[in-house]
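Engineer: Here are the chains, one letter per residue:
Number of protein chains: 4
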Amino acid sequence: MAPLLEGIIAALTTPFVGDEVSTAKFEENIRKFNGTGLTGYLVLGSTGECVSLSDAESEALVRAARATAAPGKAVIAGTGRESTRLTIDFTNRMADSGIDVALVRSPSYFKSRLTRDALKAHFLAVADKARVPILVYNVPANTGISLEASLVIELSAHPNIQGLKESSGNIAYLGEVIRRVPPGFRYFSGSGSVFLPGLELGACGAILAVANAAPELCSKVNCLFLERKLDEARKLQLDLIPLNKGIMEGTGIAGLKYALDLRGYYGGPVRLPLLSPGEQAKTEIAGLMKELGLV
Amino acid sequence: MAPLLEGIIAALTTPFVGDEVSTAKFEENIRKFNGTGLTGYLVLGSTGECVSLSDAESEALVRAARATAAPGKAVIAGTGRESTRLTIDFTNRMADSGIDVALVRSPSYFKSRLTRDALKAHFLAVADKARVPILVYNVPANTGISLEASLVIELSAHPNIQGLKESSGNIAYLGEVIRRVPPGFRYFSGSGSVFLPGLELGACGAILAVANAAPELCSKVNCLFLERKLDEARKLQLDLIPLNKGIMEGTGIAGLKYALDLRGYYGGPVRLPLLSPGEQAKTEIAGLMKELGLV
Amino acid sequence: MAPLLEGIIAALTTPFVGDEVSTAKFEENIRKFNGTGLTGYLVLGSTGECVSLSDAESEALVRAARATAAPGKAVIAGTGRESTRLTIDFTNRMADSGIDVALVRSPSYFKSRLTRDALKAHFLAVADKARVPILVYNVPANTGISLEASLVIELSAHPNIQGLKESSGNIAYLGEVIRRVPPGFRYFSGSGSVFLPGLELGACGAILAVANAAPELCSKVNCLFLERKLDEARKLQLDLIPLNKGIMEGTGIAGLKYALDLRGYYGGPVRLPLLSPGEQAKTEIAGLMKELGLV
Amino acid sequence: MAPLLEGIIAALTTPFVGDEVSTAKFEENIRKFNGTGLTGYLVLGSTGECVSLSDAESEALVRAARATAAPGKAVIAGTGRESTRLTIDFTNRMADSGIDVALVRSPSYFKSRLTRDALKAHFLAVADKARVPILVYNVPANTGISLEASLVIELSAHPNIQGLKESSGNIAYLGEVIRRVPPGFRYFSGSGSVFLPGLELGACGAILAVANAAPELCSKVNCLFLERKLDEARKLQLDLIPLNKGIMEGTGIAGLKYALDLRGYYGGPVRLPLLSPGEQAKTEIAGLMKELGLV
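Protein chains in written order, with the numbering used here: chain A, 426 to 720; chain B, 426 to 720; chain C, 426 to 720; chain D, 426 to 720.
Same shape as in the complex, but just chain A:
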């Protein structure tokens, strides 16, 4: 039976050796992550450079994650595509490859046509046909599309829509949604800078890129929150902001991979059109990691 999603889930990076996906490096990383407090793994998220991968590469990564994740750790995959049909097909291919839950981002290419009605029809059709539960994914920084809180509330009535990952960092959005969804709806923050305020308002956990670089710290914020040690939790959350901003607003995935390298995981290069970080960015990241005692 699939684990209930909660706690801190890392949005894993995709290791390349040269320009080839390395499932071996991917499995090595996951084995190390199994020993931290992470409760699950997101494969093929934005952080995993999902849009840069072929379907075959994507499937290989999911199978590797399923085979390597410790028992009880959730395996989620990003399965959104631009059309409803492609999304359903790919979601079910990933379901057959072993994921527990699919994270479905909004389509985005036909921006001016993606009305509330179109998005609603899309997510309902995907939820109807998907052979695993889905999380709706709001990530306007990448898609240019914001899912209205009222749409999420409406979608939450579908039995196969299990929850939401919200990456705009808008805490009020959570506050609005949380009161009006069915009990058991799983709400996840996607921002490493504000997931504690999210937990305080009722989120189940967080799905974080920065959890690659600092899985222990992110998990500790969650534990302190669960123990109601809010002052300590808050101090740690504040400590995480410079690292999260420094990496994610600085050089993004490329910098995050560099942070992984610094910690003895495999980060490696990004795939074009992403570019490697320059020396100055590397120095900054190393400094931020050091400040947090991570290297």
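Note that these hints are calculated values from the structure, not bench results. Please read all numbers here as calculations on a predicted model, not as lab measurements. Heads up, a few of these hints could be off.
Treat identical chains as interchangeable: a pair holds within one or across any two.
What the hints assert, rightly or not - Derived DSSO-like pairs (lysine-lysine); straight-line CA-CA distance at most 30 Å: (1) 536 with 670; (2) 450 with 554; (3) 707 with 645; (4) 545 with 670; (5) 450 with 536; (6) 670 with 645; (7) 654 with 545; (8) 660 with 645.
The hints should help you fit chains B, C and D onto chain A, whose structure is shown.
Structural biologist: Okay, now just chains B, C and D, sitting in the frame of chain A:
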């Protein structure tokens, strides 16, 4: 001596009778607000339709607020203009009219020229010449200009820049700023939906439009926070979200004035180009007010 | 040898029967278009719902177009993907399927990382490896990414970058580019409302969605321009604006397919997340077609 | 009787000596401009740093322009304010100071409330009460507000709305408007890079910032157009693009003032928050001016 800014400050509306400013109605409202837990008043904020008023009308409102505010209540005024010179002139005219602190929003018309350097030069020059302390005001929804956190941190070193009002609702922004400003820097949230998370991360208080409609509730969130009754505070903050969103994202100032009318304050009409709320919007606002026991 | 791109090229729609691609209907349409003045066909453009199709469907469409296009008509395909590697692979797969030229739109998902340097590296790598010439495609309405004129000018030096399709409708952009690219650089307008001003400033032709509905009129504007009958050309261009705007800003591809149906071509349904036009939209489109004598 | 607006109107800069408005320098400039082919002057446009000026400074500039403009030259002033009331008051103050026509930009501060209905009510009320004819001004780069073509068409029925200045550079917008406004409606392009295509589609003229630096060339494009020497006109228009872009997208008003200085007019400094151009920008501007034979 000026009161230290803290707690819940209402961003007051400007009463019109017909299309004329009524300082009499304004004073009536303030006298009633004096009996709530509000710690101060913002005159000439966005909520006060500042950009729709002449300088003479603006001065009359400030003088009325100063004369009517109970002892110990802060009187702040929005004094931003598009040029540095006009901002300094108007800030000092308002200083002479009795404000404790000036809230200075970013200029916005020459968007493509308002670089970090230009904004820095602007705020430093205003701070140098203003005869009252200033709060820097970040309000991208109106200005289309976002002040970078790093700029605010730099500005905070100026002895006459007392703090920041941040109305984008971005909690991470607060987390980034709060660690790197001098002790005593006054940070205020401008969002009625997320001011509790702001307080938890270290804000001094909040300057809120919704505090016109629900001054007692907003103040109570702050009191509960100060007493560390966080669960109760959180419940109330969540309760406030539908009202705040319903009014501010629905019909805005026009709806807020209608809420004031419902509560026995004077709301009255807005000045063109703002439009009055329709019947449906009024019914919704009345419903939201009723849910909170405000009418 | 590949035909030189010029004149009016239609950005073809993709026919679905139910939710299945119909290459039979696609070929029927092309056979009819062969009898109009169009000089070529764009398969897998935005108008072709490219992002909604599988790679296998895409290949089938390209092979059908190649097989059916009359001799001398150019066959172009949109081959942009989010990563450089996927773009090269797909471009060459389409090259092997018979296209003359590939139209490569900018990647867009990692918006904040798609700097000038990243976009430059992407397009140069694609141009290096592609086995057909490429046209760079600027389509900010869909991608949220604007290619700077100076970048296009720089890219134009690459021997395998044959030209540009510019769909933002910005005529000044053309004026800036046209003076500084090598002779022989092929510049195409992508806007049915302003392609005549484009021709007048030096464009080679236009690649147009509205050419599905009005291939004869679009071609006639081009012919009149070539014959220097500018007043007549201008009158026709102005006539086309309401139809182009009515369809493309109204219901988009769904409406364009309806216009095809009206003219005896096969339009048919769109694939989700696009939605079919309502009755009112259909009536408007029929009216606009009638005004132009197209039905 | 007021001159009919047509031809090339310069959007004049406002001369400062130190930080003080100099009407003497302003008059000097106008006297020189009287000898070029310009047909009129826009005072208090965006280029005139209108938002940086006090009402008294504004009035002094208008009176100076009226007194100095040669007979037959039109004097227009930008009179838009954020509220309908302030706009009417200021428009009529400028009417009393001698302007022929008022150019009224859209309000912009209350972005989310400035619906089509609100903007319509605003412009109609201003037109009703203004004692001079008005031009509606669409300038989204500064205001963040786009006036829909259909709104302009609707407004054009008002007897006191004489025309439109359109500065977004969208030629299709013109094509859409021009067919559906009353004969005699005055349409002006506001873009120095695309005013010839505007003229070709039916505009009456252009109101241009770049006409400060190159009044003779701008006027010549218009003359060549009127003489139907379109190839020559086009060549000149293309020549103007680098200068226009280099100044207006480069350093803006500050650079334009530097270009005036180079030509022997008075440019002088800008008012804060605008910043002076650096040495590199100055060198570029000097180079662009030289290329056109302007210095």
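Engineer: Are the hints correct? Go through all of them and say.
Structural biologist: Okay, the hints, checked on the actual structure:
{"no.": "1", "hint": "536 with 670", "verdict": "both (28 Å within a copy, 16 Å between copies)"}
{"no.": "2", "hint": "450 with 554", "verdict": "between (33 Å within a copy, 28 Å between copies)"}
{"no.": "3", "hint": "707 with 645", "verdict": "within (26 Å within a copy, 46 Å between copies)"}
{"no.": "4", "hint": "545 with 670", "verdict": "between (32 Å within a copy, 22 Å between copies)"}
{"no.": "5", "hint": "450 with 536", "verdict": "between (37 Å within a copy, 27 Å between copies)"}
{"no.": "6", "hint": "670 with 645", "verdict": "within (19 Å within a copy, 33 Å between copies)"}
{"no.": "7", "hint": "654 with 545", "verdict": "neither (40 Å within a copy, 39 Å between copies)"}
{"no.": "8", "hint": "660 with 645", "verdict": "both (11 Å within a copy, 25 Å between copies)"}
Violated hint for the displayed structure: number 7, the only one.
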